[in-house]
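The listed protein sequences correspond, in order, to chains R and Z.
Heads up: the first sequence is residues 0 to 67, going by numbering that gives the first Met the number 0.
Heads up: the second sequence is residues 0 to 409, going by numbering that gives the first Met the number 0.
Check the hints yourself; a few may be wrong.
[To be verified] For lysine-lysine, the following PhoX-like pairs were computed, each having C-alpha atoms within a straight-line distance of at most 25 angstroms:
1. K1/Z <-> K68/Z
2. K8/R <-> K325/Z
3. K62/R <-> K68/Z
4. K1/R <-> K68/Z
5. K68/Z <-> K8/R
6. K62/R <-> K1/R
[Stated by the list, open to error] Here are the simulated distance ranges between beta carbons:
7. M0/Z <-> H7/R: 34 to 42 angstroms
8. E63/R <-> W53/Z: 26 to 34 angstroms
9. R178/Z <-> V33/R: 33 to 41 angstroms
10. P40/R <-> E190/Z: 46 to 54 angstroms
11. Q70/Z <-> M0/R: 15 to 23 angstroms
12. E27/R <-> D86/Z: 55 to 63 angstroms
[As the list claims (entries may be wrong)] Covered by chain Z, per the in silico footprint, the following chain R stretches (three or more residues, Cβ under 8 angstroms):
13. 10-22
14. 41-53
It is worth saying that the hints were derived from the structure and are not from the lab.
Heads up, the beta-carbon is just placed ideally off N, CA and C, and yes, glycines get one too.
For reference, the chains in residue letters:
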Amino acid sequence: MKVVIDQHKCVASGQCVLTAPEVFDQREEDGIVVLLTETPPEGLVDDVRQAAALCPAQAIWVKEQAEE
Amino acid sequence: MKRIVIVGASAAGLTAAETLRRRGYDGDLTLIGEDPHPPYDRPPLSKQVLTGTWESERATLRTAQQLRKLQADFRLGQAATALDVADRHIHMGGRESMGFDGLIIATGVVPRRLPDSDLAGVHMLRTLDDALALRAALLAGPRVVVVGAGFLGTEVAAAARALGLDVTLVEPEPVPVRRPFGDRVGALVAELHRAHGTRLRCGVPVRQLRDADGRVTGVELGDGTTLPADVVVLAVGSTPATGWLTTSGLRLGNGVVCDALCQAAPGIYAAGDIASWHNPHFNTRMRLEHRMNAAEQAIAAVGNLLGDAVPFAPVPYFWTDQYDTKIQAYGVFPPGAELRIVHGDPSNGHFAAAYGHEGVVVGVLGWNTPREVRMLRRLVAERAPWTAVTGACAPGSTTAHRPLDLRGGQ
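Only chain R is shown next, with the shape it has when bound in the complex (with noise of 0.2 angstroms):
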């Protein structure tokens, strides 16, 4: 699985660092989303799918391997 995010869509919730703060981080001057990974281990995908449907923002995405 791969994890998409959209900075401009992000409202700077933090939700998904509350979630998942080994893949997500936010940037010092606004606190906009920042991804550490890419593709997160087997063990976070269960967090990155939470993070995502809480993201208040709509502004993360988990594309399956089909879909890349």
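Since the structure of chain R is already known, use the hints to place chain Z on it.
What follows is chain Z alone, placed relative to chain R:
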């Protein structure tokens, strides 16, 4: 369970549908939504869609292909009109009805109206069509009066000012957003609006709307003055959309009354703006009109419908964007809560504050400090003693809380 129906196809309803599929539910799934548009996001409606920074399509939550992959029957533009709990049927007007084994109620809220809400030039903002109609009206360059300085009203005023319009914001309370944030932050929001050229009339109620030939011409205030207006936006709160449930026998109070699992009756759950439930974290009943809660509660309600039996105990999160300022908040902000600035300085436009109530931290607020407020969230999640914020040393306090260290960590 073979057939699950979700009533309401906005953020909560859509998240419920996606969660069901993600959790492996492969039975029949129907979403009934009164709004004719495919599910869209509401926060941008009073911000980017109103200012035109975004084309309205950008607020759409999913592509047609993503919706197809859900293998759900979307009944958009169709309203549920009644619920028969004993018979486990949804009625949809006329003769159409639909049986279910499991039901998620997510019909949200409707804007509160005033007696003259039907006048031409008077707008409310809840749906995408509302936003597009208001945007079209604003493009004509009108004098705008916004009634109600809660989150919606203040955001609409900011958007109208961003379009260069003459804007007055009217609010019966002494400052904007007073109910959620109290006097001090409310005063800062007032200052923010004044600095951007929005006129404020706070502490005075609206007496009535003035009109000529069915078109609004102004807003008459309680002190007898009249604000001339070509467009009036009513942002005076909303009420849960429970009309279709009045004959159902479900307990309705301020919304659909649920238990801590978000359950209203066996197999029937509610999520999002319409759901009133007992939040064990704060040991209080609440109903939240926050975007974040729509998703979070939908995930929890679906989990419990599938048998999780986990009480829904979130730390609420919400935010508002006005001009170039982002205000973010975690927790609850009861009247009478004490406020303490814990980071930065309000006078330079970057700070974070904690709110204490009955000896514990119940809320934190960030003003242009997204990272810091996220780190401070744990004060609310851990029910940190208020003394951890004020610096006083409480008898028997532990050293577990070091709230003011914002370097690193999560």
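Quiz item: If you check each hint against the structure, which ones fail?
Solution: none
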